[in-house]
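> As a plain string of letters, each chain reads:
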Amino acid sequence: MTHLDELEAEAIYIFREVAAECERPVMLYSIGKDSSVMLHLALRAFFPEKPPFPLLHIDTGWKFRDMIEFRDRKAAELGLNMLVYKNEEAAARGINPFDHGAAYTDLMKTQALRDALTKHNFTAAFGGGRRDEEKSRAKERVFSFRNENHAWEPKNQRPEMWKLYNTIINKGESIRVFPISNWTEHDIWQYVRREGIDIVPLYFARERPVVRRDGNIIMLDDERIKLRPGESAERLRVRFRTLGCYPLTGGYESDADTLDAVIEETLAAATSERTSRVIDNEAAGSMERRKREGYF
Amino acid sequence: MNGLLKFITCGSVDDGKSTLIGHILYDAKLLYADQEQALILDSQVGSRGGKIDYSLLLDGLMAEREQGITIDVAYRYFTTSARGFIVADTPGHEEYTRNMAVGASFADLAVILVDASRGVLAQTRRHARICALMGIRRFVFAVNKMDLIGFDKAAFDAIELDITRLSAELGLRHVTVIPLSATEGDNVTKQSDRIPWHKGPALLPFLETTDISPDAPEQGFYMPVQRVCRPDSTFRGFQGQIESGNIRVGDAITALPSGEGAIVKSVIIAGREAEAAEKGQPVTLRLDREVDVSRGCVLEKDSGIRVAKSFSASLLWMDDAPLVTGGEYWLKIGSKLLPATVTAIRHKVDVNTGEHVTASALLKNEIALCDVTMARAAAIDAFGAHKTLGELILIDRVSHATSACGVVEGVDTEKSGAVFDDGTRQVALELFDIFYYRPDLHTIVRKSHERIVYRVGDDLPLVCAGYSYPENFDVKLDDAVLKVRRGKFTGFGPREEEVDLLNERGFGLNGNTLEPYEKYRSIAFEDGDFYEI
Numbered sequence: 001m002t003h004l005d006e007l008e009a010e011a012i013y014i015f016r017e018v019a020a021e022c023e024r025p026v027m028l029y030s031i032g033k034d035s036s037v038m039l040h041l042a043l044r045a046f047f048p049e050k051p052p053f054p055l056l057h058i059d060t061g062w063k064f065r066d067m068i069e070f071r072d073r074k075a076a077e078l079g080l081n082m083l084v085y086k087n088e089e090a091a092a093r094g095i096n097p098f099d100h101g102a103a104y105t106d107l108m109k110t111q112a113l114r115d116a117l118t119k120h121n122f123t124a125a126f127g128g129g130r131r132d133e134e135k136s137r138a139k140e141r142v143f144s145f146r147n148e149n150h151a152w153e154p155k156n157q158r159p160e161m162w163k164l165y166n167t168i169i170n171k172g173e174s175i176r177v178f179p180i181s182n183w184t185e186h187d188i189w190q191y192v193r194r195e196g197i198d199i200v201p202l203y204f205a206r207e208r209p210v211v212r213r214d215g216n217i218i219m220l221d222d223e224r225i226k227l228r229p230g231e232s233a234e235r236l237r238v239r240f241r242t243l244g245c246y247p248l249t250g251g252y253e254s255d256a257d258t259l260d261a262v263i264e265e266t267l268a269a270a271t272s273e274r275t276s277r278v279i280d281n282e283a284a285g286s287m288e289r290r291k292r293e294g295y296f
Numbered sequence: 297m298n299g300l301l302k303f304i305t306c307g308s309v310d311d312g313k314s315t316l317i318g319h320i321l322y323d324a325k326l327l328y329a330d331q332e333q334a335l336i337l338d339s340q341v342g343s344r345g346g347k348i349d350y351s352l353l354l355d356g357l358m359a360e361r362e363q364g365i366t367i368d369v370a371y372r373y374f375t376t377s378a379r380g381f382i383v384a385d386t387p388g389h390e391e392y393t394r395n396m397a398v399g400a401s402f403a404d405l406a407v408i409l410v411d412a413s414r415g416v417l418a419q420t421r422r423h424a425r426i427c428a429l430m431g432i433r434r435f436v437f438a439v440n441k442m443d444l445i446g447f448d449k450a451a452f453d454a455i456e457l458d459i460t461r462l463s464a465e466l467g468l469r470h471v472t473v474i475p476l477s478a479t480e481g482d483n484v485t486k487q488s489d490r491i492p493w494h495k496g497p498a499l500l501p502f503l504e505t506t507d508i509s510p511d512a513p514e515q516g517f518y519m520p521v522q523r524v525c526r527p528d529s530t531f532r533g534f535q536g537q538i539e540s541g542n543i544r545v546g547d548a549i550t551a552l553p554s555g556e557g558a559i560v561k562s563v564i565i566a567g568r569e570a571e572a573a574e575k576g577q578p579v580t581l582r583l584d585r586e587v588d589v590s591r592g593c594v595l596e597k598d599s600g601i602r603v604a605k606s607f608s609a610s611l612l613w614m615d616d617a618p619l620v621t622g623g624e625y626w627l628k629i630g631s632k633l634l635p636a637t638v639t640a641i642r643h644k645v646d647v648n649t650g651e652h653v654t655a656s657a658l659l660k661n662e663i664a665l666c667d668v669t670m671a672r673a674a675a676i677d678a679f680g681a682h683k684t685l686g687e688l689i690l691i692d693r694v695s696h697a698t699s700a701c702g703v704v705e706g707v708d709t710e711k712s713g714a715v716f717d718d719g720t721r722q723v724a725l726e727l728f729d730i731f732y733y734r735p736d737l738h739t740i741v742r743k744s745h746e747r748i749v750y751r752v753g754d755d756l757p758l759v760c761a762g763y764s765y766p767e768n769f770d771v772k773l774d775d776a777v778l779k780v781r782r783g784k785f786t787g788f789g790p791r792e793e794e795v796d797l798l799n800e801r802g803f804g805l806n807g808n809t810l811e812p813y814e815k816y817r818s819i820a821f822e823d824g825d826f827y828e829i
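Heads up: the sequence lines are chains A and B, in that order. Residue 46 in the working numbering sits at position 46 of the first sequence; the count goes up by one each step and never skips. Residue 537 in the working numbering sits at position 241 of the second sequence; the count goes up by one each step and never skips.
So here's chain B without its partners, still in its complex pose:
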């Protein structure tokens, strides 16, 4: 028995996705008798005039059956003698691209249908591109409706050439092309003698035997912390799922973003004490000392994962409301939820040709490479290096819609914004960002300060139309304060005077006294969220 295969079917409208899966389930005798009965009954009122309409097996929503289309992704579970399968059948309409992407994020392999009578369409290309974007590495192009073109080899060869070109453009490495007929059953579960010129296996036997092991494991150990488990004052454990590598009692780990080190004191796997745990397992880890770790932090060992505030990402926009560059969204990445801004659209990607197009707006169902800046530094990485820390969604702060999904392409560790340099250290802060209200969007928009380095004695831009800073203030850093006196940067040091105290984003902290540093530390940790102003 081979390992479970999660796959999706996608492709343009009416290419026969639901019919194909329905036919596999039917032919492979994977239907329970009552489902079969319901299918036959439904078909009598369906669109194929009494013949079995296999798609009715999957189009489970009333609106779908009324309109004869697939709106949302359906999951089906079946097992043959060779393998267990979960298939996500996805909609072909451009309108429902986001639901197709939901299925793609879940799958190890994509079966992309191509209508032999229509060839490779824009929607075929869009789906292949989104599958590749969401991390699918294995592709089957099922050239369907071969019966409509008389099982013509030359026509198939021409389509196969288009598929080869598309695969090269997307950098797909594992690609298989199979000619078939989903309604008639040719090359679906068994090889068809009506397509003798095709030598490869039929679709189901191929899916049953194909190897889905990953090309290379991710580097090191890492676990995003989901929650802190504190049943009583003696126990403090960090709960999460191990995303790569393994961990055992006695291992030295690093907590990110704080960078603190600790030794693993005990490991609990799903409720039971253990010596060690590995990738995929849900664990509770206890450490040998107090470290600054909460939900959203990452525990890692030898992974090379970095802490950064900004990154570039390929985004698939899914919201009816277009992207607002400079506007703040909720960003969910790993187990972290924090405000973030898409600062720029570098370029859009033409779904059909793959061309990079300059753009000022990003609309629903479009893909673009964008720059994103988070409200705070966090442990993130490129999708290709540590998948779980490179997957993200953006959530609209008013409608709460999931506006976009995307993957981190590059992590930007170079300091941006206002950089303060006293000759021995450099600190980048979000001072002097401009906030303004966009009444058309009901949103406060933030415009980041471009990268400028200020040295000791330099005048600072304390007043403009969008903000006004006091003449004298301190900015609270982790170990010291940054001092501004009479409008000039004067250096770093301990807090000595009762001037205004700001956090690293330029917001005032409570009080301006000289009370001990610890007090400000807790305020700053809880503050941070932009929406509170």
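Only chain A is shown next, with the shape it has when bound in the complex:
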């Protein structure tokens, strides 16, 4: 078995454990490449059965249009139960990524996720987090216990030995499960190529309407993003290494328009991928803080 085969086997093992032991599992689906890999693994783990749990997308209302189109197409093609949840109350109040910064992330992502999990009484939620992404994630268990407030308690994690996962919880508590914890960005791309996994076109370089803002290249994905004084719209050949809310996701100038070119560029890259997520740079430990508040 190759290294990728071993990672695949480990992930499949984890998917099956959750399906067998947890009462109401759900799979978080964020539409990115990691989610595409997760979905592929879930389909494999249970074949010829369909994954015995629904998918859940937390929609902030500010995702790239290409992402939403991809999500709906995949759900239809594969006949999956795709739940979509949005914090409608905050959206109605006009909460947006330009004016509300950290409050936007808290309301539209963290709180929306908590509300969606509570609403459906999900007891276990799969996420595509990887330990190579960020320092607090590097510390997290594969089965990450959350208290009744969905909060992570990093100083008091359950020991996790071998493949013996403790899935026993009380009412109101839940577990976040990360089947691809041990994959690196490199592994993800190699697996996407080997398996021919479909990913959102935004990962490939193309000429796109953008604006340069605070050192990032932000895509003008719809008319809701307004140019500030001194800014001008440009058309640049860009691609994205991670996908999220378009006003918060920086693109890169690139000519990599094929999978091989993307992989080559990724391997040569001198910055790790989360740098392009504006929210992670807000403060040291920001990811940990958000996880303690119930974020993935």
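Because the hints were derived from the structure by calculation, they are not lab data. Some hints could be false.
[Said to hold, decoys possible] Far from chain B, by Cβ distances over 12 Å, these chain A residues were calculated:
no., residue
1, Ala19
2, Arg24
3, Asp59
4, Ile95
5, Ala102
6, Asn121
7, His186
8, Arg193
9, Phe204
10, Arg206
11, Arg213
12, Glu253
[Stated by the list, open to error] Below, a list of computed lysine to any residue pairs in the SDA-like style, where the Cα atoms sit at most 20 Å apart:
no., chain 1, residue 1, chain 2, residue 2
13, A, Lys50, B, Gly623
14, A, Lys50, B, Ala566
15, B, Lys597, B, Ser529
16, B, Lys597, B, Ala617
17, A, Lys50, B, Arg693
18, A, Lys50, B, Arg591
19, B, Lys575, A, Lys50
20, B, Lys302, A, His186
21, A, Lys50, B, Ser529
22, A, Lys171, B, Arg526
23, B, Lys561, B, Arg602
24, A, Lys171, B, Ala697
25, B, Lys575, A, Lys171
26, A, Lys155, B, Ala617
27, B, Lys561, A, Phe47
28, A, Lys50, B, Lys597
29, B, Lys575, A, Ala9
30, B, Lys561, A, Pro48
31, B, Lys575, A, Arg44
32, B, Lys575, A, His3
33, B, Lys302, A, Thr2
34, B, Lys575, A, His186
[Said to hold, decoys possible] If you only want the chain B side, here are some residues facing chain A, beta carbon under 10 Å, derived:
no., residue
35, Arg490
36, Trp493
37, Gly533
In this text, all values refer to a predicted model and were calculated from it rather than measured experimentally. By construction, the Cβ of each residue, glycine as well, lies at the ideal position given by its N, Cα and C atoms.
For this one, chain A is given, so just place chain B on it according to the hints.
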């Protein structure tokens, strides 16, 4: 390119574990530019007064950086031109021993740091012992901070002698000792000319080239069943990961614990039909006939794996609440989750000296050899024979904490408890166990009946302070019932009278009619769990 190496760094507090890994990543140019930038920024407010503090690369939790210690295990992924690595950097404080053990359960090799100015400490010994307990077979002792003792060979030799003694005591077979300095970089990624008397390679080149192939493969084929896949009425497949050997269409397998045989009809590997599959692969197996298999069962071929109810195990206790002997815990072993009782502590192991100490209690961070009895018989084996069926955790039934981890040392196939013998067959049951409530623990505690053989005509202890059985009852066995009439054991046979019907653990089954046997079979399979009483 050599195969992926999973290793851990461990050792006492401030022996420089995080610094060592940080330095490897930094020197080997394995950091992305932005991580490097963050590191330099963090260091300016860190404890080394502006010099790069490599440990900040790994101590990712806010509490860790505030306190300047490692609390939980951190995983780092890096690749050099020679090999891919996953390193688990583990905490040195005794308080966080359980997190160190988490890292050890994951690794093929342990790098144990020893502070050259302090020598082999109790915590060094504890970590080496836990690594060996969790199944690590390859060890590097990195004698760190050689710069603080002026790269003195005689001092190093004395430490190396201690390490050799410790290795002999733990039965470690693959041991390498390397003198180095993690902060200064001597013998970390390249050989240091300040340690000319040491002839072996530096740490990273050693890790890049060391052989990690297993000493011997496990016997036969086995696969713990994770779940039954039933997409429709025509398909019934058993899903799990092959833990050793291989399997192909047409092979005869045995299902445990039922012992039923069947032929493999089809093999699916990760979603694709195949002719055969091997160790490590996630599969779905279909069999040519209906067999009694569910989650927790094991499919095997020529493995010698046995079915047993009790075993001895080395346990590492990890809970603040001490072990309650006689109390019930959830036991997870293989893909099986069932109630189990630690019936006795045979002896504790002194982490420092290795001495066996008699004990009545087992506290956090202590290791002991214990006897464990499960609620039902299951397919298990010694850790050294079939690793996956010899790894276990105990889960507290109230707090749900993972209270202990451990490995099976010996499987006890001799019948214990109340044994009934009619001259032609022997059946061991859990009748006459005493249950009592311990208010201090909020737990019902079970005291097992000692081994006594009852023959036909013997009087039975039907009434005592802890229980009361009726004068007449049947105990449902797989193929017959065991009969008790007027307080005496009268033999085995078909069920003929409307007396109380009990299961093999002494609990009443619904109804006492003469309805067909099948009805009781399903009840007994679902019953079993002690917490339902």
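> With reference to the structure, classify each hint as holding or not holding.
Hint-by-hint comparison with the structure:
The Cβ of A/Ala19 sits about 6 Å from the closest Cβ of chain B, inside the 12 Å cut-off, so the non-interface label is violated. No beta-carbon of chain B is positioned within 12 Å of the beta-carbon of A/Arg24; the least distance is around 16 Å. At the 12 Å boundary, the C-beta of A/Asp59 stays outside the reach of chain B, the nearest C-beta of that chain being 29 Å off. With a cut of 12 Å on Cβ distances, A/Ile95 stays outside the contact zone with chain B, its closest approach being about 27 Å.
In this structure A/Ala102 is separated from chain B by more than 12 Å, as the shortest Cβ-Cβ distance comes to about 17 Å. Interface exclusion of A/Asn121 from chain B stands, the closest Cβ pair being 18 Å apart, more than 12 Å. For A/His186, the requirement that its beta carbon stay farther than 12 Å from each beta carbon of chain B is not met, with the minimum near 8 Å. A/Arg193, annotated as away from the interface, keeps every beta carbon of chain B farther than 12 Å; the closest lies near 17 Å.
Interface exclusion of A/Phe204 from chain B stands, the closest Cβ pair being 22 Å apart, more than 12 Å. At roughly 25 Å from the closest C-beta of chain B, the C-beta of A/Arg206 stays outside 12 Å, upholding its exclusion from the interface. Non-interface call for A/Arg213 relative to chain B: holds, since the shortest CB-CB distance, roughly 19 Å, exceeds 12 Å. Consistency note on A/Glu253: stated as away from chain B, and its beta-carbon is indeed over 12 Å from all of that chain's, at 17 Å minimum.
Taking the CA atoms of A/Lys50 and B/Gly623, the gap is near 41 Å; set against the 20 Å cutoff, the hint is violated. For the hint linking A/Lys50 to B/Ala566, the alpha-carbon distance of about 13 Å falls within 20 Å, and the restraint holds. With a CA separation close to 27 Å, the supplied pair B/Lys597 and B/Ser529 exceeds the 20 Å bound. Distance hint between B/Lys597 and B/Ala617 is unfulfilled; the C-alpha atoms sit about 41 Å from each other, more than 20 Å.
At most 20 Å may separate the alpha-carbon atoms for a hinted pair to count; A/Lys50 and B/Arg693 exceed this at roughly 33 Å. As the CA atoms of A/Lys50 and B/Arg591 are separated by approximately 19 Å, the hinted pair is consistent with the 20 Å bound. Note on B/Lys575 and A/Lys50: the hinted pairing is violated, with a Cα-Cα distance of about 25 Å set against a maximum of 20 Å. Between B/Lys302 and A/His186, the direct Cα distance comes to roughly 17 Å. Compliance with the 20 Å bound is thereby established for this hinted pair.
With a CA separation close to 15 Å, the supplied pair A/Lys50 and B/Ser529 stays within the 20 Å bound. At most 20 Å may separate the alpha-carbon atoms for a hinted pair to count; A/Lys171 and B/Arg526 exceed this at roughly 28 Å. Note on B/Lys561 and B/Arg602: the hinted pairing is violated, with a Cα-Cα distance of about 24 Å set against a maximum of 20 Å. Of the pairs offered as hints, the one joining A/Lys171 and B/Ala697 holds, with about 15 Å between alpha carbons and a cut-off of 20 Å not exceeded.
For the proposed pair B/Lys575 and A/Lys171, the alpha carbon gap of about 38 Å is over 20 Å, so the pair is violated. Distance check on the hinted pair: A/Lys155 and B/Ala617 sit about 18 Å apart at the alpha-carbon level, within 20 Å; holds. About 16 Å separates the Cα atoms of B/Lys561 and A/Phe47, which keeps this hinted pair within 20 Å; it holds. Our distance criterion of 20 Å between C-alpha atoms is broken by A/Lys50 and B/Lys597, whose separation comes to about 30 Å.
Proximity of B/Lys575 to A/Ala9 is assessed by CA-CA distance (about 11 Å); at most 20 Å being required, the pair is judged to hold. The straight-line distance between the Cα atoms of B/Lys561 and A/Pro48 is roughly 15 Å, inside the 20 Å bound, and the hint therefore holds. Pair hint B/Lys575 plus A/Arg44 holds up; C-alpha atoms about 18 Å apart against a cutoff of 20 Å. Restraint check for B/Lys575 and A/His3: satisfied, since their Cα atoms lie roughly 14 Å apart, inside the 20 Å limit.
Among the hinted pairs, B/Lys302 with A/Thr2 is consistent with the structure: their alpha-carbon atoms are about 15 Å apart, no more than 20 Å. The suggested pairing of B/Lys575 with A/His186 is violated, with an alpha-carbon distance near 25 Å, which exceeds 20 Å. Interface hint status for B/Arg490: violated, as the beta-carbon distance to the closest one in chain A is roughly 32 Å, over 10 Å. For B/Trp493, the interface hint is violated, since its Cβ never comes within 10 Å of a Cβ in chain A; the closest pair sits about 37 Å apart.
A distance limit of 10 Å between C-beta atoms decides the matter here; for B/Gly533 the minimum to chain A is near 8 Å, and the interface restraint holds.
Checked against the numbered hints above, the structure breaks hints 1, 7, 13, 15, 16, 17, 19, 22, 23, 25, 28, 34, 35 and 36 and satisfies the rest.
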